[in-house]
Every structure is written in structure tokens, then in C-alpha cells.
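These protein sequences, in sequence, are chains E and R.
Reading the first sequence from the start, the letters are residues 1 to 243 in my numbering.
Reading the second sequence from the start, the letters are residues 1 to 243 in my numbering.
Mixed in with the good hints, there may be bad ones.
[Said to hold, decoys possible] Selected chain R positions facing chain E (in silico; Cβ < 7 Å):
#	residue
1	Pro14
2	Asp16
3	Ser152
4	Trp170
5	Asp178
6	Ala179
7	Thr191
8	Val192
9	Ala194
10	Phe196
11	Ala201
[Stated by the list, open to error] Chain E is nowhere near these chain R residues, computed Cβ spacing over 12 Å in every case:
#	residue
12	Glu88
13	Gly146
14	Arg147
15	Arg150
16	Ala180
17	Arg181
[Stated by the list, open to error] If the Cβ cut is set under 10 Å, some of the chain E residues that face chain R in the computed set are:
#	residue
18	Tyr6
19	Phe7
20	Glu11
21	Thr49
22	Gly50
23	Thr51
24	Glu52
25	Glu53
26	Ile55
27	Lys56
28	Leu57
29	Ser60
30	Glu169
31	Trp170
32	Gly202
Simulated from the structure, these hints should not be mistaken for laboratory data.
A virtual CB, placed ideally from N, CA and C, is assigned to each residue, including glycine.
2 protein chains.
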Amino acid sequence: MGVDLYFTLGELDPADVQNRTVVVVDVLRATSTIVEALANGARAIYPTTGTEEAIKLISSLGRDDTLLCGERRGLKIEGYDLGNSPAEFTREKVDGKRIVMNTTNGTQALVAVAGADRVFTGSFMNLSAVAKAVAGTDDLTVVCAGRGGRFSLDDAVCAGAILARLGTEWAKDSDTSDAARVALQLATHATVDAAFLAETAGGRNLVEIGMEADLELCATVDRHVLAPAMVDGTIRLLPGKGT
Amino acid sequence: MGVDLYFTLGELDPADVQNRTVVVVDVLRATSTIVEALANGARAIYPTTGTEEAIKLISSLGRDDTLLCGERRGLKIEGYDLGNSPAEFTREKVDGKRIVMNTTNGTQALVAVAGADRVFTGSFMNLSAVAKAVAGTDDLTVVCAGRGGRFSLDDAVCAGAILARLGTEWAKDSDTSDAARVALQLATHATVDAAFLAETAGGRNLVEIGMEADLELCATVDRHVLAPAMVDGTIRLLPGKGT
């Protein structure tokens, strides 16, 4: 099976992922936060591309059991219920809630691949579960959210780590892209921990804005055995899958 | 000095390179062809973004001493004088000529960075010369042309190899981008030869269209001690520089 991989959203034409199985990766922090929220009982996550869309959506869903969450420059957006730190998405806060999410990179990536056959969210926190969910597919595309449209090392290494769990046959396929091979190589040479994340551009930004603790959480490999899936634009845990 | 690097053109906002020193890399094959052409006596190279622009430019320059060169899908464009294989740009063909060039990736990248302070073209064929030309600048940006807007391993490794020749201080700078560090790492682990290029997506395409011989040429590290520079949209050898 040939594997494709996008380091940045700008490379992606939504038509490229039609009929494919996609994993979206935004280690710092959207896909880490998504799996943490679902693990703590959130019913569903609604990714949006901007505040206008997020406000409109939460108005139609009703605010009773829905939280509005997201960030700009890493910080909670004014008037929102929560930011984008996985540490905020505790069971106390999110159990039974729907979550409308609006972040700089991750939710843009999720919306961009909405036309794919299947979409999962991947992070270090659910590395093995997402790899298991996509194992054996012959049409896998991994999409890194990146950082402001730029290459992001944390996402690239996580994408490679997911691929590393799928064996090595795919890497020999002539349809496998240069980027997929490079991600595998990067993952092979990386040690995943908070110090690694702190050296990436995204990690440096979190340290600067006082959110260093998130690095420890986002670097916790296999904290959850869950593979969140996006169906009709909404991310949920599928019954009997990845649990 | 912080070093920036773009794996793909889609990540680049032309404003990002204002006041910066830029090296454009398109190993397969535009920047390899450019240095070969100038080494064989071509007077100047005019990069263009499409056939319409190329035809208009050659009409104004006059066809007497100007060649129209370029490719689509790797093959010479119908009616053009030459394609984009460095092997075609012999002294017999190009000595004393001006060259209007129109390729899928490389000339797009060159035009995109035309607003930079200084622009050089880099390839394995002039690796040391281009590194020497930019050594000591504190505002270096390397731009990989990529392949159809996608990440291209040959360009990434060449970009990293140029950076590797600039010592290691820059890699410690917190302004250095994730991509620059990754390119350095890729170059450290790569063996540059025709077999390496043949395994990249761009190289596989050249093998498929019967241009495998170009891989040997494009992998010849330091074949030329020349650092072509683009001034006012035209690429030339600067007197006394990189010769």
C-alpha cells in the first residue's frame, strides 16, 4: 500500500483525500485535546474554521450542554468556555458535553479533510490506537496540521510514529510519497518527551505563554486507547472501535 | 543567526523573504540546469512562470541569441529550443546565449522570491560555492522548489547539505525553524548519489521518462564552483563571486 503524507495544509487539495483513510495530527494541541476530551466523557467534538462559524454552530446546538472552546496564539479566545489545553478538558468540565472547537491549525485541517472516506485524529496520546484503527488500509493519508501553514516537527514525528507502527511494507511501495518516508525516518531518530516538544517551534511558543505543562501531557504516548473518528463533520468515539 | 527554510512554495508568503538572503533549490532539475548552463557560457537565465510570459519575454529579447527552454512533466515543451535536462545545456548550445526558462517548480520558486535582498541558486552541483556565498549572513532563508507543491526529498536533503556547510551555530538559535533543523538532519543521514535521487518521487519520474542519466549529473557534488545570483529577475554569475 502506498502511503501519502502532508506536512502542511497548503499542499493539500481536498480532492486528494476523497476515498482515502485520513489521520489528522496536531500534537500541539488540537488532536491531543480531542482525545483527552472524549476520554473524559465529551459526547462529540465539532471542529470549525473560525469564530463566526463556531458561534453560529453553538447557537443552533444550544448552550445548555455545549462548550465553546479554542485558541488564538495558544491562548483561550475571549468569551469562550475553554481554550485548547488538554489539561482543561477534565471529566468535571466535559463529561456529557458537546464541544464546538475553533483552533488555529488543527480544526482547519479537520475541516479540510471532511470529504475523505474515513477520518481519525492522531496524537502521541493515542498513537497505538489510531495506528490499529488504520492498519491494513491500502489508501492511507496522514495530514499534519502544521503551524500557521508551516512545517511542524512535532506533527511530523508523530505522523512518522503512527506509520512506524504499521510495519515497513508500505515504505517500499513506489506510490509512497517522499514525505511519508521522511516522517518515518524522523520518528526513528526522535525521543518523544516534553524536552523534545519544547525544542519545536510550537513547543517554544507554549513555554513562552506559560503552558509548559501541556508538553508533558501531549508527550504521554498511549495515554488513551482511543481512536476518535470524524463522521459527517463530527468527531466521536465509534462504538466498539479503538476502545 | 536564525535560519528559515521552506520545504514547499505554498508555505511561502513573498513578504517573508523581504530583506533576506535566499537560496532556491530545485535539484531535479532547474537549479542544476541553471548552474550547468552558466558554467557552459550562458550569459543570463530569465526564469518565468508560464509559457505566455516566456513567449512574451523572448519576443522582446529577440530570438537571435536567446534560447527558450523548459519542461512540463519533465519533457521539453513543444516548440521550445531545449528542455530542462542539464545534459542538454552544452557549451556548443548555450555559450554566449541568454536563456528564457519555464519549468514546473524551479522557475516558480525563483519568481516567488524575487523580492528578497539577495537570491542564489543552489544544487548538489554547486553546493560548496553557494554555501560560501551565503556564509556569515544572519538572515538566510532556503526555499525548496518541491514537486507540484509537495515536499520533495531531493530538495530537502540538498537544502540541509548547504546548511551543514555553514557550521552548527545557527541550529542552536531559537529563531531557526523546525524545517531547517530537519533538513540538516536529513542531509546528515543521506548519501548523495544517483541511487539516492532515483528513490525520490522526482527521480522515479525521470527514470520513467527515460532521463535516468540526469540523476548522475544532478548528484555530482561540487561539479562547479559557481554561485549563480538573481538580480532584478535575471540569473547571472556575479563578477568575482563564486568563481
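Checked hints:
Interface restraint check: proline 14 (chain R) against chain E, minimum CB-CB distance 14 Å, threshold 7 Å, status violated. A distance limit of 7 Å between C-beta atoms decides the matter here; for aspartate 16 (chain R) the minimum to chain E is near 10 Å, and the interface restraint is violated. This hint holds: serine 152 (chain R) has a C-beta 6 Å from the nearest C-beta of chain E, less than the 7 Å allowed. The restraint placing tryptophan 170 (chain R) at the interface with chain E is violated, with a minimum CB-CB distance near 15 Å, outside the 7 Å limit.
Because the closest C-beta pair between aspartate 178 (chain R) and chain E is about 4 Å apart, less than 7 Å, the hint holds. With a cut of 7 Å, the hint placing alanine 179 (chain R) at the interface with chain E holds, because the nearest CB-to-CB distance is about 4 Å. Hint status for threonine 191 (chain R): violated, given a least beta-carbon distance of 13 Å to chain E, over 7 Å. For valine 192 (chain R), the shortest C-beta to C-beta distance to chain E is roughly 15 Å, which exceeds 7 Å, and the interface hint is violated.
Checking alanine 194 (chain R) against chain E: minimum C-beta separation of about 17 Å lies over 7 Å; hint violated. Taken as an interface hint, phenylalanine 196 (chain R) does not check out: its beta carbon lies about 12 Å from the nearest beta carbon of chain E, beyond 7 Å. The closest approach between the C-beta of alanine 201 (chain R) and any C-beta of chain E is roughly 5 Å, which is under the 7 Å cut-off, so the hint is satisfied. Distance check for glutamate 88 (chain R) against chain E: the nearest CB is about 26 Å away, which clears 12 Å, and the non-interface claim stands.
For glycine 146 (chain R), the shortest C-beta to C-beta distance to chain E comes to about 8 Å, within the 12 Å cut-off, and the non-interface label is violated. Its beta-carbon lying about 8 Å from the closest one in chain E, arginine 147 (chain R) breaks the requirement of being farther than 12 Å from that chain. Under the 12 Å C-beta cut-off, the non-interface status given to arginine 150 (chain R) relative to chain E is violated; the minimum distance is some 5 Å. Some Cβ of chain E comes within 12 Å of the Cβ of alanine 180 (chain R); the nearest lies about 9 Å off, and the non-interface call is violated.
Listed as outside the interface, arginine 181 (chain R) is inconsistent with that label: its C-beta sits roughly 7 Å from the nearest C-beta of chain E, within the 12 Å cut-off. For tyrosine 6 (chain E), the suggested interface contact is upheld, since its CB lies about 8 Å from the closest CB of chain R, less than 10 Å. Nearest Cβ of chain R to the Cβ of phenylalanine 7 (chain E): about 6 Å, under the 10 Å cut. The hint holds. Annotation: glutamate 11 (chain E) was flagged as interfacial toward chain R, and the flag holds, the nearest CB pair being 5 Å apart, inside 10 Å.
Here the hint on threonine 49 (chain E) is broken, as its CB sits about 18 Å from the closest CB of chain R, past 10 Å. Look at glycine 50 (chain E): its Cβ only gets to about 20 Å from chain R, farther than 10 Å, so that hint breaks. Below 10 Å, beta-carbon pairs count as interface contacts, and threonine 51 (chain E) has none with chain R, the closest being about 23 Å; its hint is therefore violated. Hint status for glutamate 52 (chain E): violated, given a least beta-carbon distance of 24 Å to chain R, over 10 Å.
Interface restraint check for glutamate 53 (chain E): the shortest CB-CB distance to chain R comes to about 23 Å, outside 10 Å, so the restraint is violated. A least Cβ separation of about 28 Å between isoleucine 55 (chain E) and chain R goes past the 10 Å threshold, and the interface hint is therefore violated. The interface hint given for lysine 56 (chain E) is violated, since its Cβ lies 29 Å from the closest Cβ of chain R, which is over the 10 Å cut-off. The beta carbon of leucine 57 (chain E) comes no nearer than 28 Å to any beta carbon in chain R, farther than 10 Å, and the hint placing it at the interface is violated.
Nearest Cβ of chain R to the Cβ of serine 60 (chain E): about 34 Å, over the 10 Å cut. The hint is violated. Violation of the interface hint for glutamate 169 (chain E) is found here, the shortest Cβ-Cβ separation to chain R being roughly 16 Å, above the 10 Å cut-off. Checking tryptophan 170 (chain E) against chain R: minimum C-beta separation of about 15 Å lies over 10 Å; hint violated. About 8 Å separates the beta-carbon of glycine 202 (chain E) from the nearest beta-carbon of chain R, less than 10 Å, and the hint is met.
Hint violations for this structure: numbers 1, 2, 4, 7, 8, 9, 10, 13, 14, 15, 16, 17, 21, 22, 23, 24, 25, 26, 27, 28, 29, 30, 31, all remaining hints satisfied.
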